[in-house]
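Next come the chains, spelled out residue by residue.
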Amino acid sequence: MVQLLAADGTRTPHAEFDAVLDGPDGAGGLATPERLRGYYRDMVMIRAADVEATSLQRQGQLGLWASALGQEAAQIGAGHASREQDYLVPTYREHGIAWARGIEPWRLLESFRGVSHGGWDPNELRTHPYMIVLGSQAPHAVGYAMGLQRDGVVGTGQPETDTAVLALFGDGASSEGEVSEAFTFAASFQAPVVFYTQNNQWAISVPTSVQSRVPLAQRSRGWGIPSVRVDGNDVLAVLGAVRIALDSARAGKGPVFVEALTYRMAAHTTSDDASRYRPSSEEEEWAQKDPILRLRRHLEQLGEIDEAYIARCDEEAHDLAMQLHHHIHGMEDPDPVGMFTHAYAEPHPIVEVEREQYLEYMAQFENDDDIDKSAEQKGERA
Amino acid sequence: MNAATPAGSAGSPGASSIVTIPLNDPGEGLTEAEILEIKVAVGDRVEINAAVVEVETAKSAVELSTHVAGTVVAILVAVGDEVPVGTGLIQVDTAGGPVPSPAPQPAAGHRSADVQPSSPQQISAQPEADPSAEELAAQATAATAVSAEAAPEEPKNLVGYGTQAAPQRRRRRLAEPAQSDDGQQVPIGRILAKPPVRKLARDLGVALHDVLATGPEGTVTRQDVLNAQQRAYGGEVDGDYFPEESPQAPEGLGGAMKSTRDQPFSGVTSDDRTTRVPIRSVRKRTAEAMVASAFTAPHVTVFNEIDMTGAVQIVSQLRASREWTDVKISPLAVIAKALLVAIRRNPEVNASWDEANQEIVYKHYVNLGIAAATPRGLIVPNLKDAHLMTLRELAEGISELARTARAGRTSLRDTRDGTITVTNYGVFDIDSGTPILNPGESAILGVGAIKEKPWVVDGQIVPRQVATLSLSFDHRLIDGALGAELLRDVSAVLEDPSLGLVWG
Numbered sequence: 001m002v003q004l005l006a007a008d009g010t011r012t013p014h015a016e017f018d019a020v021l022d023g024p025d026g027a028g029g030l031a032t033p034e035r036l037r038g039y040y041r042d043m044v045m046i047r048a049a050d051v052e053a054t055s056l057q058r059q060g061q062l063g064l065w066a067s068a069l070g071q072e073a074a075q076i077g078a079g080h081a082s083r084e085q086d087y088l089v090p091t092y093r094e095h096g097i098a099w100a101r102g103i104e105p106w107r108l109l110e111s112f113r114g115v116s117h118g119g120w121d122p123n124e125l126r127t128h129p130y131m132i133v134l135g136s137q138a139p140h141a142v143g144y145a146m147g148l149q150r151d152g153v154v155g156t157g158q159p160e161t162d163t164a165v166l167a168l169f170g171d172g173a174s175s176e177g178e179v180s181e182a183f184t185f186a187a188s189f190q191a192p193v194v195f196y197t198q199n200n201q202w203a204i205s206v207p208t209s210v211q212s213r214v215p216l217a218q219r220s221r222g223w224g225i226p227s228v229r230v231d232g233n234d235v236l237a238v239l240g241a242v243r244i245a246l247d248s249a250r251a252g253k254g255p256v257f258v259e260a261l262t263y264r265m266a267a268h269t270t271s272d273d274a275s276r277y278r279p280s281s282e283e284e285e286w287a288q289k290d291p292i293l294r295l296r297r298h299l300e301q302l303g304e305i306d307e308a309y310i311a312r313c314d315e316e317a318h319d320l321a322m323q324l325h326h327h328i329h330g331m332e333d334p335d336p337v338g339m340f341t342h343a344y345a346e347p348h349p350i351v352e353v354e355r356e357q358y359l360e361y362m363a364q365f366e367n368d369d370d371i372d373k374s375a376e377q378k379g380e381r382a
Numbered sequence: 001m002n003a004a005t006p007a008g009s010a011g012s013p014g015a016s017s018i019v020t021i022p023l024n025d026p027g028e029g030l031t032e033a034e035i036l037e038i039k040v041a042v043g044d045r046v047e048i049n050a051a052v053v054e055v056e057t058a059k060s061a062v063e064l065s066t067h068v069a070g071t072v073v074a075i076l077v078a079v080g081d082e083v084p085v086g087t088g089l090i091q092v093d094t095a096g097g098p099v100p101s102p103a104p105q106p107a108a109g110h111r112s113a114d115v116q117p118s119s120p121q122q123i124s125a126q127p128e129a130d131p132s133a134e135e136l137a138a139q140a141t142a143a144t145a146v147s148a149e150a151a152p153e154e155p156k157n158l159v160g161y162g163t164q165a166a167p168q169r170r171r172r173r174l175a176e177p178a179q180s181d182d183g184q185q186v187p188i189g190r191i192l193a194k195p196p197v198r199k200l201a202r203d204l205g206v207a208l209h210d211v212l213a214t215g216p217e218g219t220v221t222r223q224d225v226l227n228a229q230q231r232a233y234g235g236e237v238d239g240d241y242f243p244e245e246s247p248q249a250p251e252g253l254g255g256a257m258k259s260t261r262d263q264p265f266s267g268v269t270s271d272d273r274t275t276r277v278p279i280r281s282v283r284k285r286t287a288e289a290m291v292a293s294a295f296t297a298p299h300v301t302v303f304n305e306i307d308m309t310g311a312v313q314i315v316s317q318l319r320a321s322r323e324w325t326d327v328k329i330s331p332l333a334v335i336a337k338a339l340l341v342a343i344r345r346n347p348e349v350n351a352s353w354d355e356a357n358q359e360i361v362y363k364h365y366v367n368l369g370i371a372a373a374t375p376r377g378l379i380v381p382n383l384k385d386a387h388l389m390t391l392r393e394l395a396e397g398i399s400e401l402a403r404t405a406r407a408g409r410t411s412l413r414d415t416r417d418g419t420i421t422v423t424n425y426g427v428f429d430i431d432s433g434t435p436i437l438n439p440g441e442s443a444i445l446g447v448g449a450i451k452e453k454p455w456v457v458d459g460q461i462v463p464r465q466v467a468t469l470s471l472s473f474d475h476r477l478i479d480g481a482l483g484a485e486l487l488r489d490v491s492a493v494l495e496d497p498s499l500g501l502v503w504g
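Chains as they are written, first to last, in our numbering: chain A, 1 to 382; chain B, 1 to 504.
Be a bit skeptical, because a hint or two may be false.
Stated by the list, open to error - So, partial list: chain A residues that the calculated Cβ filter (under 8 Å) puts toward chain B:
{"no.": "1", "residue": "R58"}
{"no.": "2", "residue": "Q59"}
{"no.": "3", "residue": "L64"}
{"no.": "4", "residue": "T270"}
{"no.": "5", "residue": "D272"}
{"no.": "6", "residue": "D273"}
Unchecked claim - Negatives, chain A to chain B, calculated, CB over 10 Å:
{"no.": "7", "residue": "M1"}
{"no.": "8", "residue": "T184"}
{"no.": "9", "residue": "P334"}
Simulated from the structure, these hints should not be mistaken for laboratory data. Built from N, CA and C at the ideal position, the CB exists for glycine as well.
Go ahead and model the full structure; you've got the sequences and the hints to work with.
Pasting the structure below:
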């Protein structure tokens with residue numbers, strides 16, 4: 001397992017990773033103090049948004065929430081490892097990925113509240129909508145990558161336009177048949193796709209040890225897909241591994257599999273109670289490996305962070321949480337008929353008929369809101 | 001943008017703005033929860049997202065938080081209450097406190113100046129496209145004279161059924177589809193019911209074939225099941241068997257007087273030589289039940305020592321069988337089955353004495369009580385319609401009842417309407433006893449420890465698995481002969497399980 005930052009924040013040299021992290025890529029590399037502080041702030045922000053979302057679910061404002069607590073480094077690192085033109089295909093617990101791709105947290109909340117089908121334009125942000133069905137997105141991602149090959153934007157030697165796909169899934173989804181099928185197609189066609197698993201140790205209540213007799217990273221090797229396992233709570237290791245993998249894929253060298261070893265600090269979702277199947281001692285053990293704390297210690301060792309910066313991050317994170325809190329109370333329910341709008345890219349006669357039928361069906365009901373509104377109007381006139 | 005003022009965003013000294021924090025559905029599709037702990041008291045100041053109540057649902061124990069800041073003015077529920085989703089839990093007065101969170105605008109597109117976005121995208125976490133944040137900031141800072149109209153409204157609940165005061169249901173405007181012409185029931189062959197209705201029936205202990213089906217094409221509806229339950233129980237049976245978190249026997253008397261929740265019991269006092277514990281909860285129920293039973297029903301107990309070797313062999317065979325690997329089978333399940341077979345031959349024992357109506361009520365169903373020693377005391381949940389169960393279902397049912405009881409999650413419903421009980425004091429390595437009837441029942445079978453003993457078989461002394469059974473019965477309605485008959489039949493099946501084929 002590749003680890004660049006030890007638990008106490010000390011950085012270990014690693015020739016291949018250091019070349020990518022500290023190399024000429026970007027403005028002075030991916031691990032400049034400015035960028036490191038940026039990752040720290042990203043992680044603090046996304047954690048605050050996550051905690052707030054859990055509260056909102058408990059307050060009846062979200063149908064469900066899947067917390068990503070503890071996986072911040074695995075997500076912020078991978079998100080920032082992707083290049084603008086890359087296409088990311090997430091699962092449903094990728095709030096840090098979304099943040100790094102420029103998707104505002106309340107867009108995620110819209111989906112979990114059920115007022116939106118996705119919350120963002122996948123083409124604009126080059127990030128697919130969240131996928132709830134486990135593993136279903138892996139073949140989609142490979143298909144997209146095969147499409148890129150046919151578009152001729154792979155292996156041309158132009159790093160600014162050559163494109164790769166980052167397919168994300170969890171340890172549980174890695175046991176789904178779709179992932180195996182995706183491996184097959186990706187390997188056969190040498191598609192420019194990086195499979196990225198955040199192994200957070202628990203597939204709801206099933207531990208990884210039950211799911212696989214070997215480290216997950218080894219699974220892809222039978223397909224001839226090279227793999228690497230990194231410390232998922234180490235933002236630099238993740239960043240380096242995913243950047244190397246994506247650049248290799250975009251250069252036309254075929255798929256790569258990256259396993260980031262991390263831990264889901266919260267329950268599977270707000271409907272789950274983790275204390276029923278795992279010991280709190282395990283959670284305490286992983287709390288010692290907290291990804292945010294680790295990066296902070298590293299920055300402290302470098303002398304590149306001070307109390308004022310930490311306090312400001314915390315304050316901004318609190319503000320973000322309160323914004324989400326107030327924002328969600330103002331969300332409006334969408335027009336139910338809107339669900340027909342995006343069923344197909346182009347007009348479709350059957351969908352049109354169904355839309356009309358649904359409108360007729362809706363017309364059968366009295367609408368309490370309408371009644372309330374007309375009552376209000378009368379009151380105003382009076 | 002909804003014109004409604006987001007709750008908790010406005011308030012002014014003196015203006016009374018009471019917000020009720022309801023029980024929202026903390027899972028997916030849950031309908032009720034039990035109050036485990038109330039974390040605030042009247043007069044407490046709470047901030048947004050402060051945990052106020054901990055509840056336990058069918059899925060998990062969760063902390064519920066307040067969506068507004070303010071002062072707690074009322075607590076509407078008590079620990080131990082089982083309340084439906086939508087019930088108000090506490091009330092918070094949002095007036096008078098500081099205006100919470102003006103949601104200040106962070107400078108420069110939400111990213112501080114010295115932080116370089118590490119990805120090529122400009123990251124903007126600021127809701128620029130949405131007016132809510134600005135509006136909020138404006139409202140919050142301008143909130144000086146807030147009138148009653150501007151008081152925080154109840155937020156519209158997304159999840160669950162909403163607050164009871166503000167149902168979000170829509171009414172059907174057109175007439176309901178006409179009822180089927182004759183309204184006749186489809187004859188029972190295959191019972192038609194949707195899975196959730198079947199589950200409801202199972203949960204309520206209602207046998208589907210006893211339910212009058214009124215749904216389309218003879219399907220059993222939810223309401224049918226509820227009606228059937230109403231008939232069966234004649235009243236409200238919801239609730240928890242353990243009304244409060246107060247097991248009466250603290251571990252290590254005089255020592256660590258702590259409950260499972262690490263809180264001292266209220267009312268427990270202790271000096272060097274004695275500890276006084278208020279009589280409550282299970283101990284109180286047990287005492288009342290025992291007194292009621294022992295002093296109204298004249299008890300007679302008969303005993304029989306039997307050779308259980310055959311029954312024990314069946315248990316070990318089943319344990320070794322692949323089909324039974326996931327079922328915990330114990331001699332108790334076999335004994336329960338033997339009792340059910342014996343009841344079938346002597347149905348008059350399965351009855352109760354109705355003093356008020358001066359009637360004996362003979363029951364055509366067996367709700368088989370299983371006495372369980374739990375950390376909180378003795379409780380007797382029963383297996384509904386045990387007479388319809390296979391041995392496997394009995395084994396699974398008994399394990400489930402025991403597990404639920406030990407976990408302290410037995411519902412009141414589980415303990416109601418028992419018809420006859422088995423108590424297995426053999427687990428305490430006791431040979432025999434005189435069990436007291438569960439109130440309202442007429443018989444209770446006691447099972448002693450199964451021990452290897454010398455036994456005479458065909459004139460030879462051989463070691464056999466021997467146990468003593470005892471049967472206590474209510475002599476008002478069961479004569480000695482009938483009681484003896486029942487115990488003899490139970491014994492016969494256990495000594496020669498093949499009789500189960502003949503009688504069962």
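Check your understanding: Can you list which hints this structure breaks, lowest number first?
Key -> Hint check: nothing fails, all pass.
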